[in-house]
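Engineer: These protein sequence lines map, in sequence, to chains A and B. Every position in the first sequence, counted from 1, becomes a number in this note's numbering once 2 is added. Every position in the second sequence, counted from 1, becomes a number in this note's numbering once 1426 is added.
A few of these clues could be false.
[Said to hold, decoys possible] Short, incomplete list of chain A residues facing chain B, as computed with Cβ under 8 Å: (1) M3; (2) S47; (3) D77; (4) S80; (5) Y81; (6) R83; (7) F100; (8) P109; (9) K111; (10) G114.
Keep in mind that the hints were calculated from the coordinates and are not lab data. Model, not experiment: these values are computed from the prediction. Quick reminder that beta carbons are idealized off the backbone N, C-alpha and C, glycines included.
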Amino acid sequence: MVLQANNINKHFRKPVDFHVLKDINLSINNGEFVSIMGKSGCGKSTLLYILSTMDTDYEGELMIQGEKISGRTRDELSYIRNKHIGFVFQFHYLLSEFTVLENVMLPAKKLGEKSLKEIEADAMEKLRILDIESIAHNKASRISGGQKQRVAIARALINNPAIIMGDEPTGNLDSHNAQNVFSIFKKLSVEQGLSLLIVTHDLDFAKKTDRIIEMLDGRIIS
Amino acid sequence: MNSALLLGIAKKHLMTKVKQTLIAALGVTFGIGSYITLVSFMTGLNEMLDNLILNQTPHIHIYNEIEPSKKQPIASYSDFEAALNVVHSVKPKFSQTKIHNALPLLEKLNEDKRVRGALPQLNTQLFYISGPIELSGNLKGIDIMNEVSLFNFGDYIIGGSAKDLENNSSGIFLGSGVAEKMSLKIGDRVQVSTVKGGIFPLKVVGIYQSGVADLDDIQSYANITTVQRILGVPNNYITDINVKLHNIEEAPGMAKSVASQNKLKAVDIATANAQFETGTAIRNLITYAVSVTLLIVAGFGIYNILNMLIYEKMNDIAILKATGFSGKDVQFIFLSQAMIIGIAGGLLGLLIGFLLSTIIDGIPFETDALPTITTYPVHFDIWYYIIGFSFALVSTFFAGYLPSLKARKIDPVEIIRGQ
């Protein structure tokens, strides 16, 4: 079990009290490729950010790799995100002043478990897996949208996380690139046994995943 | 490893915003540079003004004051011990103006370890005579060579030299005002007469100018033996002793003990010149007020630029936090940017301050009051540079602290979802 959530409840307190997540229970197994679907405002992104440890304002219990995460300090959570969780967002969020390679290396440098040489070799390896090693030394601001998203995936992979989380990673891409990103995820799931949790609007995308979690008005309905 | 990584990110941010970084750093440079210049120039002026008076002022001035007896004779009469005695029109006690036992006292003072030197003076009133005109004035008998070494007497000689006076037993240094009034120049003869009568011809060997016009209009100097000869007194006749100490702080205490031990009046420099301390303190206050204002303005510049930078880098901050950088790491990045700006701007400011001070130090400045000064006075002190640099660090730290704290608190979820 990579990730487990027990009885997660969340309220938005401003401008009025709003019960956005109601008694969420879910678990994700090792190597599982799971998508979360639902209409806008159903709370799926909110749930993702709680599961990602970035949002700490909730009630309930969150376990990552069997360890209880709820109630940890912010610094500990930063470390957990750094080591165990990889992120891919709808927008690519690369540091535009840095090269592609530097962007990919950054989380590993922060983790500081390997030497600079090893990190660079790892980063090149990830870029090779994603087939973008040729642009390794380009500025992050000088590459196309599809490429940026692949760089973001490489960056998410650099610390060999337990789980990759994505908030509409294909939402901003044309169908060709979206298909591309999906195949990459699928490949990672099958070949490397990586767990993935992807929030998406795209039914075609969701259908091809191992399991679909459907949400409505703050509850999981299937 | 971690801080090197964070510094690397900070550096990258600054490098891509060279113009803004430069402007922020120049703000600090301007503040520090003007602080250094101002404080060096101001203290230079202060020192000059203080020296004008203080250099020639002894740390302790010992003399015999004419005053009424503190204990009137009736107090010694036992019959009236229990009575209330009122004495009307008390007169000063008759005593000599010379210091009793002056030579042994001088010797004792000169042996004291705290004393740099104690010099005898003989002060007398006289008239400068030019035909029918009699100008009243003061003549001081001094030990000229020691006055030069202890009280910078040489700085105030505008014609002739100290040696000329030492070698001439009937020489006189006229005050510049006196010399002008009587149209006397070096080599001329002047006749002086003492209060008790008797006319003595003296040779003008030098002109003296203190810069204080009232003084220069009456004061002249001669060798102490010359004055003793004019007055017809023996060589132990000394009216004043001027003491210079190694440590000026010891003056008040020592003055007190000298006064009580020898039944003399002893005035220390702090009491005599309290107003100079006040003037110096106020001028320093103004200097620092202006400098701090400049630095605060520079601080706001840094604050503004960092704030803007943080708004621009919102996404970067969010992604850094999402990928495992803690709030502290992000704060470190922005705070170190402020400090880099502060250090670079500060160092440049020190350099600019030094250059400006050096330039000012070379500008000609001539004034009658200060015969030895030819350029604007500037005081160079390593401490100003240390203080200035610390100032730069502290102000940029505070200017960077608030924006960096904001960056630390940014919630990545809000930024990422806000898109």
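Engineer: Does the interface hint hold: is R83/A within less than 8 Å of chain B, judged Cβ to Cβ?
Structural biologist: At about 5 Å, which falls below the 8 Å cut-off, the nearest Cβ of chain B leaves the hint on R83/A intact, so it holds.
Engineer: Once the shortest beta carbon distance from D77/A to chain B is found, is it less than 8 Å?
Structural biologist: D77/A check passes; min Cβ-Cβ to chain B is 5 Å, inside 8 Å.
Engineer: At a threshold of 8 Å, is the proposed contact between G114/A and chain B supported by beta-carbon distances?
Structural biologist: holds, 5 Å
Engineer: Hey, does the M3/A contact hint survive, CB to chain B under 8 Å?
Structural biologist: With a closest approach of 22 Å, the M3/A hint is violated.
Engineer: Was the hint right that F100/A lines chain B, CB cutoff 8 Å?
Structural biologist: Holds - the Cβ of F100/A comes within 8 Å of chain B, reaching about 7 Å at its closest.
Engineer: Holds or violated: S80/A as interface residue toward chain B, Cβ cutoff 8 Å?
Structural biologist: holds, 4 Å
Engineer: How about K111/A: closest beta carbon in chain B under 8 Å, or not?
Structural biologist: holds, 5 Å
Engineer: Should the hint that Y81/A touches chain B count as held when the rule is a Cβ pair under 8 Å?
Structural biologist: Since the shortest Cβ distance to chain B is 7 Å, the answer is holds.
Engineer: Is the interface hint satisfied for P109/A? The criterion is a beta-carbon contact with chain B at less than 8 Å.
Structural biologist: holds, 4 Å
Engineer: Hint check: is the beta carbon of S47/A less than 8 Å from a beta carbon of chain B?
Structural biologist: Constraint on S47/A satisfied, holds at 6 Å.
Of the numbered hints given earlier, the model fails hint 1 alone.
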